[in-house]
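Q: What follows is the residue order along each chain.
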Amino acid sequence: ETGVTQSPTHLIKTRGQQVTLRCSSQSGHNTVSWYQQALGQGPQFIFQYYREEENGRGNFPPRFSGLQFPNYSSELNVNALELDDSALYLCASSKTSGATDTQYFGPGTRLTVL
Amino acid sequence: RKEVEQDPGPFNVPEGATVAFNCTYSNSASQSFFWYRQDCRKEPKLLMSVYSSGNEDGRFTAQLNRASQYISLLIRDSKLSDSATYLCVVLPQAGNNRKLIWGLGTSLAVNP
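Chains A and B supply the protein sequences, listed in that same order.
Mapping the first sequence onto this note's numbering, position 20 (from 1) lands on 30, and the numbers just tick up by one.
Mapping the second sequence onto this note's numbering, position 90 (from 1) lands on 143, and the numbers just tick up by one.
These aren't lab readings, by the way, just hints derived from the structure by calculation.
Check each hint, because a few of them may be wrong.
[To be verified] Listed next, the in silico BS3-like pairs over lysine-lysine satisfying Cα-Cα at most 25 Å (straight line):
1) B:Lys132 / B:Lys55
2) A:Lys105 / B:Lys98
3) B:Lys95 / A:Lys23
4) B:Lys98 / B:Lys132
5) A:Lys105 / B:Lys55
6) B:Lys132 / B:Lys95
7) B:Lys95 / A:Lys105
8) B:Lys55 / B:Lys98
9) B:Lys152 / B:Lys95
10) B:Lys55 / B:Lys152
None of the values given here were measured: they were computed from a predicted structure.
Model the full assembly from the supplied sequences, consistent with the hints where possible.
A: Right under this line is the structure:
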């Protein structure tokens, strides 16, 4: 196991609701990246947090936001949920924000929006 | 053209077969390349990084061709446990952009 944990494992929401997903990084890692993986697709980069600051963002609207805490755990918040937000949300931690640092993935949170 | 393209497969091969996957990328300035493996409904796991000189890890060999902008993964002596989706991942450029670009994945089924 990677030591990266995510909660909850599964979640069902309705359109318009808000959701918060959580990720605990591996011990000694200060960087967390979030990805969205729709069924049959590769993961899409949402954003990365390094030492509590956003450090790069993919092509996701502002209703996707995040936080990183002093212990380097992280949250992903999604407001005004849409049906297309249904996906597996993965977080990955790495030792630093270095470009080639290996990212270790958590098991993911499977979000279903009805 | 997609930034990272892979043949989605599925590849169906018998145990013991050799199978090769290719992946092409569009940004010639891309600097780092990886192969990840993802089992059904599980998270991706790093299989290997891909170095310019090519690298081997047991039955797995990864190669990079910068001139043609593709990377490859060769699996020799396939095992049933190799059945998974193999994802090609590219870091487009240096600097502060940490955005890894993922292919859609190539599905492999190794049959007894």
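Q: All the hints need checking, so say for each whether the structure fits it.
A: Each hint tested on the structure:
{"no.": "1", "hint": "B:Lys132 / B:Lys55", "verdict": "31 Å, violated"}
{"no.": "2", "hint": "A:Lys105 / B:Lys98", "verdict": "16 Å, holds"}
{"no.": "3", "hint": "B:Lys95 / A:Lys23", "verdict": "21 Å, holds"}
{"no.": "4", "hint": "B:Lys98 / B:Lys132", "verdict": "18 Å, holds"}
{"no.": "5", "hint": "A:Lys105 / B:Lys55", "verdict": "30 Å, violated"}
{"no.": "6", "hint": "B:Lys132 / B:Lys95", "verdict": "19 Å, holds"}
{"no.": "7", "hint": "B:Lys95 / A:Lys105", "verdict": "22 Å, holds"}
{"no.": "8", "hint": "B:Lys55 / B:Lys98", "verdict": "23 Å, holds"}
{"no.": "9", "hint": "B:Lys152 / B:Lys95", "verdict": "21 Å, holds"}
{"no.": "10", "hint": "B:Lys55 / B:Lys152", "verdict": "15 Å, holds"}
In summary, the structure is inconsistent with hints 1, 5 from the numbered list given earlier, while agreeing with the others.
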